[in-house]
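Each chain, letter by letter, is given below.
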Amino acid sequence: MAFLELTHIRKEFGGANKAVAVRDFNLQVQKGEFVSFLGTSGCGKTTTLRMIAGFETPTQGTITINGKDVTSVPPNKRNVGMVFQSYALFPHMSVSDNIAFGLKIARQSSSDMKQRVSEMLQLIGLEQMGSRYPHQLSGGQQQRVALARAIAIRPQVLLLDEPLSALDAKIRVSLREEIRGIQKRLNITTIYVTHDLEEALSLSDRVVVMNAGNIEQVGTPFEIYNFPATPFVASFVGTLNQLKATVRDAHTIVFEGQTLQVAEPIAQKPGEVVDIAIRPEMILLTHTGQGNALKARVTEITFLGAVVRVQLKAGQTVFDLDVFNNPNLKLPEVGSEATVSFAPEAVRVMGGVVSS
Amino acid sequence: MRQKLWSWLWVVLGALYFVVPLYATADFSLRAQKGVLSLRAYENVFKDPKFAESFLFSLQMAVLTILVSLILIVPTAYWVQLRLPKLRRVMEFLTLFPFVVPAVVLAFGLIRIYSRPQLGGLLPPLLNTPALLVASYMVLALPYVYRATDTGLRAIDVHTLTEAAQSLGAGWATILFRVIFPNLRVALLSGAFLTFATVMGEFTLASLLVKPAFGPYMQLLASSKVYEPSAIAVISFSLTWACIGIIQLVGRRSPGQAQLAATK
Numbered sequence: 242m243a244f245l246e247l248t249h250i251r252k253e254f255g256g257a258n259k260a261v262a263v264r265d266f267n268l269q270v271q272k273g274e275f276v277s278f279l280g281t282s283g284c285g286k287t288t289t290l291r292m293i294a295g296f297e298t299p300t301q302g303t304i305t306i307n308g309k310d311v312t313s314v315p316p317n318k319r320n321v322g323m324v325f326q327s328y329a330l331f332p333h334m335s336v337s338d339n340i341a342f343g344l345k346i347a348r349q350s351s352s353d354m355k356q357r358v359s360e361m362l363q364l365i366g367l368e369q370m371g372s373r374y375p376h377q378l379s380g381g382q383q384q385r386v387a388l389a390r391a392i393a394i395r396p397q398v399l400l401l402d403e404p405l406s407a408l409d410a411k412i413r414v415s416l417r418e419e420i421r422g423i424q425k426r427l428n429i430t431t432i433y434v435t436h437d438l439e440e441a442l443s444l445s446d447r448v449v450v451m452n453a454g455n456i457e458q459v460g461t462p463f464e465i466y467n468f469p470a471t472p473f474v475a476s477f478v479g480t481l482n483q484l485k486a487t488v489r490d491a492h493t494i495v496f497e498g499q500t501l502q503v504a505e506p507i508a509q510k511p512g513e514v515v516d517i518a519i520r521p522e523m524i525l526l527t528h529t530g531q532g533n534a535l536k537a538r539v540t541e542i543t544f545l546g547a548v549v550r551v552q553l554k555a556g557q558t559v560f561d562l563d564v565f566n567n568p569n570l571k572l573p574e575v576g577s578e579a580t581v582s583f584a585p586e587a588v589r590v591m592g593g594v595v596s597s
Numbered sequence: 287m288r289q290k291l292w293s294w295l296w297v298v299l300g301a302l303y304f305v306v307p308l309y310a311t312a313d314f315s316l317r318a319q320k321g322v323l324s325l326r327a328y329e330n331v332f333k334d335p336k337f338a339e340s341f342l343f344s345l346q347m348a349v350l351t352i353l354v355s356l357i358l359i360v361p362t363a364y365w366v367q368l369r370l371p372k373l374r375r376v377m378e379f380l381t382l383f384p385f386v387v388p389a390v391v392l393a394f395g396l397i398r399i400y401s402r403p404q405l406g407g408l409l410p411p412l413l414n415t416p417a418l419l420v421a422s423y424m425v426l427a428l429p430y431v432y433r434a435t436d437t438g439l440r441a442i443d444v445h446t447l448t449e450a451a452q453s454l455g456a457g458w459a460t461i462l463f464r465v466i467f468p469n470l471r472v473a474l475l476s477g478a479f480l481t482f483a484t485v486m487g488e489f490t491l492a493s494l495l496v497k498p499a500f501g502p503y504m505q506l507l508a509s510s511k512v513y514e515p516s517a518i519a520v521i522s523f524s525l526t527w528a529c530i531g532i533i534q535l536v537g538r539r540s541p542g543q544a545q546l547a548a549t550k
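Read top to bottom, the protein sequences are chains A and B.
Residue 242 is where the first sequence starts when you use the numbering used here, and the numbers rise one by one after that.
Residue 287 is where the second sequence starts when you use the numbering used here, and the numbers rise one by one after that.
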């Protein structure tokens, strides 16, 4: 049985003209797993997190933690640690007092409390800062204290709501590694809400991609990146060429009048229009005679540092191709015709039938 | 340069408008003995047992008013901010009433209602108890205490702090007393001292409800003595200034306030 289980969760807001924030959300999280909710703002990821914390009550469905139904248990009885985007440290308390807050409420003895606080300060590398006040710390330090405060109470589940969004890029990277390190060491079941793809992919055991209140895909970062299940996921996970093609048979499609081979069998019937996705880095500027060849016109070339992006146009459709930059790179002229190639494995046909 | 001169002229004129009467009062209060400056008037004031009596009575009323107001208003303002933000405008409007309804009207209303036994005879008429005075002072203090609290609450992230405390296991009482109250310290102190100053000098209600308060005592003194009223006016002014000074002092010293200011 899963450690944290969300079953048929639905959340509606408002009375007469109600808005559905989350629809039929089902998820099982194992003990010690790190799961990210990834999506744009308003997709329902934070609402779902807040339902796990107990700040919102689901309109329908149940939430169980460690086998116990907590759906209607108030937040202060759930033993769930929470880290907020805005740190939410108590401004009138020192760092140590902030960390000790939950322990005081749990009526721990003062010696236990002292020991736990110094353990936590050590864990976040702020041993010397116990007597400082939050306003005397940098943003990164404040968020580390907030993490220590949430972990100090030995929560069953740790919830992080975009904890790095308010920090600058450099600290974001170092702190996210620190968060992952601490989470692994303590084996805490963790839910992490973010709109940052890189954060979700680099941190998580599994990623839940959400859109408009629905789960689009649940999978490992590898699966999400390489095998996006829906057009939304495909568009969300980095720059991806999303093209429309017509099915010819189980392994062939027609794109802008040119026939392409597809490795995986296509579920849709011949004649149907489907969404296909091809990563720009999977397309080669040369044609080796193997795999798919595609004739297109070069419309633009952009240097992006390590990568050079070539924009091509086949028929009426524009798509991108990425090549690694090197001094010997020979690029085609803008406006010239080129034949590019890619393996049948690089073509991914999306599951749903396209309506338009 | 010319403009600067003009601004200074206005500042000096404004300052004179406030300072001259005060100086005159203070100077007059020192002239109880002919020909020399002395503290005779102050001695007379302090010697009068009625002074201590009425001062202590008003002091008690002020402290009670502040305590009961805080207990009633802080949780209310907190709840409005947290869960009923739509009610905020209504609350702000309500807090203006004590300015709109004159104290005389309030006093007559209270007398009419509370001169009879209450709750069908279960309680004696409240008119004769200090409780009624405290209650009516609370009405007068409402704008100061509510607005000070509301301003304080807006300066902190009430929602997130509440949720952070909840996730750490805190119940409502703990959140209020360990998280919200301490972060409102400066705001509440300023509300409390304004209430204190108001109650200490209040005349209308105390007089009409016939209570031995400091306001009516000052009035009585003014109508029967010459130098003493000036002395008591100076004392009263000093008291108010002391209150404001304490607000400033506490506001500057309190830890965490710098962050509150920074997050604002």
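Hint data in this document are derived by calculation from the structure and do not stem from the laboratory.
Hints are supplied without guarantee of correctness; some may be wrong.
[Stated by the list, open to error] Pair by pair, the computed Cβ-Cβ distance ranges are:
#1 A:M242 to B:L370: 35 to 43 Å
#2 A:Q377 to B:R440: 53 to 61 Å
#3 B:I357 to A:E368: 34 to 42 Å
#4 A:S406 to B:V536: 31 to 39 Å
#5 B:R440 to A:Q301: 33 to 41 Å
#6 A:Q377 to B:L308: 39 to 47 Å
#7 A:G366 to B:I357: 41 to 49 Å
#8 A:A547 to B:V376: 53 to 61 Å
#9 A:V314 to B:S522: 54 to 62 Å
#10 A:E360 to B:A301: 53 to 61 Å
#11 B:L299 to A:Q377: 38 to 46 Å
#12 B:F385 to A:E360: 27 to 35 Å
[To be verified] Per the computed footprint, the stretches of chain A lying under chain B, defined by three or more beta-carbons under 8 Å from a beta-carbon of chain B, are:
#13 321–333
#14 339–350
#15 388–394
This one's a predicted model, so the numbers in the text were calculated from it and none came from an experiment.
Every residue, glycine too, gets a C-beta built ideally from N, C-alpha and C.
Verification of the hints:
1. A:M242 to B:L370: 35 to 43 Å: For M242 (chain A) and L370 (chain B) the Cβ distance comes to about 41 Å; the hint holds.
2. A:Q377 to B:R440: 53 to 61 Å: violated (23 Å)
3. B:I357 to A:E368: 34 to 42 Å: holds (41 Å)
4. A:S406 to B:V536: 31 to 39 Å: holds (35 Å)
5. B:R440 to A:Q301: 33 to 41 Å: Given range 33 to 41 Å: holds, Cβ gap about 36 Å.
6. A:Q377 to B:L308: 39 to 47 Å: Once the Cβ atoms are compared, 42 Å apart, the range 39 to 47 Å for L308 (chain B) and Q377 (chain A) holds.
7. A:G366 to B:I357: 41 to 49 Å: holds (43 Å)
8. A:A547 to B:V376: 53 to 61 Å: holds (60 Å)
9. A:V314 to B:S522: 54 to 62 Å: holds (56 Å)
10. A:E360 to B:A301: 53 to 61 Å: Check passed, 60 Å falls within 53 to 61 Å.
11. B:L299 to A:Q377: 38 to 46 Å: holds (45 Å)
12. B:F385 to A:E360: 27 to 35 Å: violated (55 Å)
13. 321–333: Answer holds; 10 residues pass the 8 Å Cβ test.
14. 339–350: Check passed, 4 qualifying residues.
15. 388–394: With 3 residues in contact (Cβ-Cβ under 8 Å with chain B), the coverage given for the stretch 388–394 of chain A holds.
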